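In the order they appear, the protein sequences are chains A and B.
Under numbering that gives the first Met the number 0, the residue at position 247 of the first sequence is numbered 246, and the numbers go up by one with no gaps.
Under numbering that gives the first Met the number 0, the residue at position 375 of the second sequence is numbered 374, and the numbers go up by one with no gaps.
One thing to keep in mind: the hints can contain errors.
[Claimed, not checked] Here are the computed distance ranges between Cβ atoms for each label pair: (1) A:C180 - B:R52: 57 to 65 Å; (2) B:S121 - A:T660: 45 to 53 Å; (3) B:F112 - A:R182: 23 to 31 Å; (4) A:T660 - B:R52: 52 to 60 Å; (5) B:S121 - A:Y535: 44 to 52 Å; (6) A:N207 - B:S121: 53 to 61 Å.
Hints are computed from structural coordinates only; laboratory data are not their basis.
From a predicted model like this one, the values you see are computed outputs, not experimental measurements.
All C-beta atoms in this analysis are idealised placements derived from N, C-alpha and C, irrespective of residue type, glycine included.
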Amino acid sequence: MAAVQDGQLNMEVEKDIKTEITNDGSGNINANSSSPGSTSSGGKSKSPAGSGEDQQTLLAVLQFLKRNKLTESVDILRREAGLSADADDSPVSDSAGAGSGGVPNVSADGGDANSLLSRVSIATPVAPPATAPPKVVAASGGEDQPDVNVVLSAYSQQGDPVLYPLYYNGLKKFIESVLDCHRAELSQVFYPLFVHMYLELVYNNHENEAKQFFEKFSGDQECYYEEDLRILSSMSKKEHMKGNETMLDFRTSKFVLRISRDSYQLLKRHLQERQNNQIWNIIQEHLYIDIFDGMPRSKSQIDAMSGSLAGEGKRDANKAKVFYGLLKEPEIEVPLDDEDEEAENEEGKPKKKKPKKDSMGSKSKKQDPNAPQQTRIPLPELKDSDKLDKIMNMKEATKKIRLGPDNLPSICFYSFLNAYQGLTAVDFTDDSSLIAGGFADSTVRVWSVTPKKLRRVKSAADLSNIDKESDDVLERIMDEKTASESKILYGHSGPVYGISFSPDRNYLLSSSEDGTVRLWSLQTFTCLVGYKGHNYPVWDTQFSPYGYYFISGGHDRVARLWATDHYQPLRMFAGHLADITCTLFHPNSNYVATGSADRTIRLWDVLTGNCVRILTGHKGPIHSLAFSPNGKFMASGATDGRVLLWDVGHGLMVGELKGHTDTIYALKFSRDGEILASGSMDNTVKLWDTLKAFDDVELDDFTAATGHIHLPENSQELLLGTYMTKSTPVIHLHFTRRNLLLAAGAYNP
Amino acid sequence: MSDMSATMAEERRPKQCTVVLPTESMKAMAESIGVGQLQEESCAALSEEVSYRIKEIAQDALKFMHHGKRRKLTTSDIDHALKLKNVEPLYGFQSQEFIPFRFASGGGRELHFYEEKEVDLSDIINTPLPRVPLDVSLKAHWLSIEGVQPAIPENPPPAPKEQQKAESTEPLKVVKPGQEEEGSIQKGQGAISAEAKGKKEGLMRMKPRSTHELSVEQQLYYKEITEACVGSCEAKRAEALQSIATDPGLYQMLPRFSTFISEGVRVNVVQNNLALLIYLMRMVKALMDNPTLYLEKYLHELIPAVVTCIVSKQLCLRPDVDNHWALRDFAARLMAQSCKTFSTTTNNIQSRITKTFTKSWLDEKTQWTTRYGCIAGLSELGPDVIKTLILPRLTVEGARIKAVSEGPVVSNIDKIGADHVQSLLLKHCASVIAKTRPLPDNMEQYRADYGYLGPTLCSHVVKARAQAALQAQQVNRTTLTITQPRPTLTVSQSGIGGSGGSRSPSIIKVPSSLTLMSTRPGTPTQPSPPATKYIVMATSAGASSTQQVITLSSSSGSSVTSTVASATSTLQPLVKLESRGAGGLGGSRPLQKYIVVSLPTSASSSLESKSGMLPPSSSSTSPISLEAGMKMDRSDSPGASTQSPH
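The following block holds chain B by itself, in its conformation from the complex (with noise of 0.2 Å):
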């Protein structure tokens, strides 16, 4: 109810006039309280009554709205605008976060309704009950002091990303020399004022003078996080790491990592410490998904750094043992993640890295190892860049590979490396060749056109299509069940059955902000979020939904493989997840559709807010494949999607 009828008091002007609810819903309003035929012009008539009414009430809303200081609308301030016009409140939809409806179609209707489950009174009872809520408590801090903001954890972080970027993306922006004066004292927010106060003198300079001082209490921190990150004790990494990813005032700090990872890879590369490499790398990751940071002018440090980790002819002691070519992909998949958001026209960084890696892997002697890493490389940039350049080569590649499969044994490592190119072309292209080449699927063909890879190929691709043939089922099933956490057990009200038939509203009653406590933080300061919730539903044939709530603590890896794995046990067959390596490196997954759906961990309940929480690691490294219901475009990075088994 409040939704519907806060997006009708938003509606833009233009539309103003015409908005009005389908006769539809007055057709299922009438059958749901049991009269069957009504005719179309009392539909009209009534849609149209019915729709001023809740616009005068939305308005009415509105004011409790804003007398209530808050941007939302809640479902009391509707109780409260129909007391004032002598109406009952609709009793029983008591919800801070928004009511869940839902969209269903079919047999030529389109509906909303409520979705509401049988629940079992003995699974209520028999819950644990939630934490008691933390009472309303006052805490002071500074918020300024004689004008300047000073940089603690209660004041928000005081460069916002869209300034880092305007600054880095507009360097030759005019400044005024008052402004730089004040930057160079940090003065925060105080800028503002003193951009006024640079209007008045004519001077004008072409860039600001860049502040590097940090505090006492930020060194300290940048001592603590640099070393948890590349430290022995796997816990601590984690807290950094999610540090990193999630703290709003490392904008002081950016430089000093940068420099930080890109000596560090220097050094191990050398010393071919693949650990640390790896360390380094999250790191890097971690960073770019913060999302209070704005790389671009750190990208001429990180970028040799990442592109090193990938083509590097050696990252380990022992190459013949060692997975160093987990850390290829993962390099690989951060490159290509930073040519998505940093590459302009100006910068060109796709291009450029896309000619860098097609250079070397042309090359003749180019060793396996970085051959690995640039077909890698080129690969998680998109299935464009597959077609177009990787395609063409498979016969050459085909070729390279099979004179070391098959002729005389060279030398172990060769053979491992060919190996691994082999599975990794055949992992990209077949996804690849599946979406673009015409069925059927002949075995000679397929020899004829790519050479000694061909059949093996020939069955990849098969095997592709039809994941793909399955996965848009589920595609399409999926559709009509998404994405309602339904977090608490606190009221259920009877919907509207599609079928019309109406059943009487069973209330059970727990105290709403009881349970709702549990996805909020404890206290609200604490700069870094607890542990983001998940809710995976896994659709099956069978129509049943199953709901999971897993609590990931992002970006350790080894947390994410045990909770999925104890997830696993009561989902439907079709469904599994499979447990993943520490850090989820490397490795390939049978095909999963899931729906993932993290619960805001703040009040707010928009679906960006959503996308937007996924902690970091998951989203490239957990097994989990985000798609349809949610608006995540994951779908350029075939690797995530579509992955064949060994």
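Only chain A is shown next, with the shape it has when bound in the complex (with noise of 0.2 Å):
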């Protein structure tokens, strides 16, 4: 590749002279034939050779003075730009104040010399000098929004707007006339060199061939773009392109395709026989290409990972270690051990099978050589509550039903019956004993779904009045007054998009369209902090499966991290290209999953804060993410309707689940993780066998080191059961500890 480049380089370099020669020419003929359309058509002439921008400015700037009649700063700009580079500026700088916009100032910053030096890192194929010299331009240019100019000038270099389709049919009849093998491969180039295309066209104001194009080949492009082509071609004008996040998305992050080398030196031969500098530039500069050495991959492998706002991940992005495994469990720890002896004693009965299961455990996980280190992150310590819970917990493990493709689930469904749409967003406690409700109307509402009801703590002057020394304290800091089945929340100021309990079931957390984070507290049923960093609508937030950690991710693009006690964010995660939509941590805490509308999941380490994966494959926005239990899977859902399983550990995509013809807005996996429930917009609750969809995956060296993987087309055999649901959308599920599986939705009458 680089030797290759080098000749392109060294031949761009040489046209530069050339052209700067002719341009002179041109330039005079232009002057003398003092017609406005022949000053373009010589920049066109010129541009594929790359030497682009400031050959083109100058021109610019000539014809702009002509328009003026100010004949002479022509003559004198004419005469710098031919003979050398130590001519003063005021004609030019002149002409740039007038109105060429932010382009025109290269010579003001010293002459030839400076566009010299930019035209060849212009020219040099690296990735960062592509935007390097418009930024320049643009700084001096003194624009409200520098970053937007500099993304949008890139495109200022352009070829002759009609030929835009002849390249593209060019190359789609040479990808179309390659062999089997690479077609499927190459294909791939398609649809980031129409959007550029486009771009460009639109960019360089040829709106009507701006439009031909589109209309001629969107139609060829797979059709899980289709999201992303309506806003293209929405976008018709170039101060459309301004603001427009899309847009942006497009330009400052290069289009990642996977090809292997073969069809990589096929493409580029094609291109450089025919002289295709025009393609040849854009793949270049807004495409970057990942080449393994290889057998090409299939179609079928290829639409698997593909989808993305922004191609496939990289493929080093999925290198970093992951520590997936789980944390041991603090009961193995000698001093809490004994505590938890005494706390048995106190519970009387099961004390005989419960060391022995504890043994056990902590012999199992002791070795596991992918678990982080226990003190990788700083972890609350655990209170009584929290160990008492605990115990609970094992003790309904052991009465745990034991699930499998013959031994389904049941299912409870909670139906939200009046709430009008409102229903945004639903949380279970882990124990489900508390259910909650995020509202459209702004209100989160808490419902107790066990016979005890919820009470709140009773006010400062009341609490004075207890004897703090008695036994059943907590039972009498209580209002008996306030009892009820149900507690309504006050405070967001615009719908509740997400929200979740903290593991000890003392507070709550809900993120809203107002941009806040809010923590209530389930004692008092108040709120105690608002967590105010994201200025838009926070999506999805929720709690570490440890507490006091909780990530938010929202229109922002930015995940953050929080501790409970801290009023700004830890850590923040920037990297997705659009919304935020869900958020999940990892069962070892270690790690925190983001789903975004961009349509790639994202990894991150919450030590470093550094993101570990990137997984694409999704087809539109992702909804909703769970963790096995082992933490080793992942799965995934989005608007596609189509369920992802991910090997945390390799980075790969193991498994898909197709069947659902909605979005999918809930995942849970049981609680041993052998069967992955799903609930959809299309009123169902599904089930998977995800034990055979994990054993099915034939995960040898080279897959796991490529990510080049044939899933197996069996969705139908792993599905296990469809229950429909009476229009109620399914989204939230639940298995409890003994493995009941709980659903949630509102009731649309």
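Mind docking these for me? Both chains are given alone in their own frames, and the hints should help you get the complex.
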């Protein structure tokens, strides 16, 4: 690759020099003929050579001056451009100020020497310089939004708009004619190429050509890009490109393609033979081609992985080691163990069973090489109540039903009645005693689903009257008068999109359209903290499985990690190209997964703040995530109705579950991980056999290394059951500790 | 606003590039804010910019819809999207239902406008407050018990209509053994997984064994329903019929009902028990109206029963007094309906039925009662049938009627029969002739063409033509003011008037949810929906329209009558509703033109749902003909739309 690019570089430098010379001539001609159109055509003819910008700038300035009858300046400028660099810059800066925008200030910075430098760097196919020289230009241009201009001005190199369809068609014909094994791989080029060609046309004000181009070729694109195409199509003017986020995404991030070396060579050879510099430039500047050695991938392999806003994840992005193992259960540690024993003694009965179980558990978990260090991130210390809860959990676990294809779980459905489409989020506590719902009317409601009613702590004045020494002080502090089945929490000023109970059931988090995340006390049923930071809607929030930490993500594309006692975030995870739609903690609390509207899932290391996995393959915004209880696998569901299964350790897609027809809003693994339940907008709950799904995947070294996996087409075999609800979209699922499946949704009559 | 942008965002791909607001809209908006002459170029530039912004906002609004876990874009989504862009939201569009934009054209311009009525403040103050909406509540039920979905009202019916249809129309579909086994233990939705299992096994069999096991609850239900249907209490019967017509879970019981009806007719025809026959026919009607049932499999029992009620020689003990004609009409209409729904090229129901009717009609010895039934059955099948089969026979039939009415008195019964046949023929033929025969209507010419019945027919045709003309006029007018239920007085905002004058918005705030409540079922899980609400809009030449909300507790003929009658008092004199007998059988009425719009009981507000929500009995027995603006195909039954008075 490098060698060829060098060649390209040499060639371009040569051409630059040539055009430098011819430019003088053409400039003269233009001045003489004094027709405004001819200048632009002169620019066009040269631009494929790559010298582009400053030549064009000069021509444009010349034209502008001519139009304003400033013939003297024209002469001066022409002389300067033709002769040498040491001229004074007054006419140029005049004209720039007069209205040619931020572009033409190149010579103001020091004349040709500088411009020559920038030209060379443009021709260099390395990534950063491609945007660097325009930056200088834009900065000196003094625009309000430098970023946008930097981004956009990269499009100012243009060819003849009429030729765009021809270029595209030529490439299309070529790719259609190559061997089958390469065709699928090379076809990946179509979409990014199409997008960038279209944007170039739009940027250079060839509105009609852009429209025609779009109409002609948008039908060829893969159907899963439809959403983006829709956005693209609405952009038909240069002014629209400023401030359009999707647009920025296309520009700021390179579209990543994975292509085998053979296919890449084929493409490169073709483009060079044809002297198709327009396309080649786009590929160089806007695409990142991740070349691998080995067999070209098949169409289905490519389709499985593509679909995200910016192509696939780079391979090296998924190389970092992820400690996906679980942390050791704290009971095993000696000092805690004793206390546990004591606690059990109080409890009385299950004395015999427990120690055995513990020891077994500790043995199996001790040696887990994939687990992070226990103290990798500081975790909150266990309180007595937490330990009690753990014990309860253990006891329940012994009564857990073993699920499997022949032993499906019972599903208990909690319907929210009279919610009038206002239910936006639901969460259950881990022990399934409480349900919380977030509503579009900004309220959060908490229900008790056990006979135990919700009570508020007494007021401070009443509390002072309590005998603090009594055994049942915890009972006494509760105000019996406030006992009710549900409580409403007021505080947000917009729809509540995310909601999460703390593991100890003392707190509740809610995130809202109003840009805040609120922490509520479930003792007093009041708001404790409002975490401000996201200034835009916060789509989701989630407590760490160990409490204390929580994650939030929203429209501002940044996921933030918070600790409940800090009003500022501890970590900010930036990298997604569109809204973060869902967030989830890894069971070991060392990692955080975020799903986004850019159709990727990212896994972030809580300790370092780095992105350690980029998982692509979804064809729509991701709305649900779930980790398997052993932390090894992850499931994700999106608006495209598909559930994808991932191997976290290898960063590989290991399964695809098709069956839903609408957005999947809820995913949950059963307590032992044998069954995955998915709930969707299509009013169904589906159960999937995950044991089989993970077994069916053959992972040899090669696939693990390259990530090119053959997904078995076995959705139908894995589907264990489909349960229709009565016009009730399923928006949350939860397995109780005994493996009863709870589902929730609002009845929409 | 929401609707506009929603449709825009959902435009299909090929059109994507070109969808731009028309420049006329820009002009209209400019006019509305006082800019008079906007140049065409500016309009074009503006419209492109505006279209782009609207699309951008719509795309953002979609995000809020997705996160709101909804399928429908609401105005609040738009507001939030505007907020994202730092634009002030549009206040005053807080509506959970869609905003009723209306279409108007005139003077070469087409407009969509938001209709605003002047509302008297005192009216609002004096109207009793609506019920307080129910608070959100939580209800738990078993969606599945160890993998099997229990058949309880909270769960959807086990077999959707499409599946029933597929089963009955493709009986030879290859079915795997696994599925059959699963099906026999009634696995419900779990059958899909069973199908998957079945794939592995190689054996194939032809047809699944159908199951008729009923749970105890279902048996009780069946007993209650059948007793109520044929019992003496009319209120109970209305409830039972309503249940049959709407309950989604009757699939399992369909074979029982079918047998019940067929046996019942057989017994009661022999006993000449007219009342019971009517009850049974109403049951058939209710079954047919149930949107979740597909009756194809049971037609072999139902059709003979219905045909019996049409053509039987004697249906009642006293043929000279009892109105068995109404039963024949009703059954004939049922027959026509089932022909329409179920006739295919393979079963040929329509042609077989037509043959049967024609054969017995042509028979000289056929009694007047049977004759009446045959003609009624044929004429309900549509104008084409009337044209090809009945019109050519008018002369012969006329002669026969003449023989009875002018000849020596044979028997009173024959005379009554001949009278009924005559009016039936006149009624059906007149409308067809009015449509097909060219003017002028010459008395003598008619006599020559149609014999004895010619002159009377001629006068009927003249009337029918006059009515058709009137109707056409009204249809034209009503298309302008179509079908917007305005259930609430929530918010009024000045729309864009055609003249271009702007008015300051008058905002009246009533929490929309309060009033909307009344159109929804109180407890959503109850199986049968409450009475459907209708707005009857009658338009008269005065261009002022009246709206009346009528609550039809469907399937009870009597209550329809009373409410409708009470409604008439406030309507324009030109338009009047006439009350009908119980059950809506028989009789004829003056031509009326109504637009009936049912308020959707659900939150969905599409037109399809409206037409779907019409309760069963009203569509065939109520005096309201549904036309024009509604997507209802009723034009094929001339009896419903154009009927001559007595």
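Against the structure, the hints:
1. About 46 Å separates the C-beta atoms of A:C180 and B:R52, a value inconsistent with the hinted range of 57 to 65 Å.
2. At about 51 Å, the beta-carbon gap between B:S121 and A:T660 stays in the expected band of 45 to 53 Å.
3. Distance hint check for B:F112 and A:R182: the Cβ-Cβ separation is about 54 Å, which falls outside the suggested range of 23 to 31 Å.
4. About 32 Å separates the C-beta atoms of A:T660 and B:R52, a value inconsistent with the hinted range of 52 to 60 Å.
5. Judged by the Cβ atoms, the range 44 to 52 Å given for B:S121 and A:Y535 holds: they are separated by roughly 45 Å.
6. One distance hint, 53 to 61 Å for the beta-carbon pair A:N207 and B:S121, holds here, with the actual separation near 58 Å.
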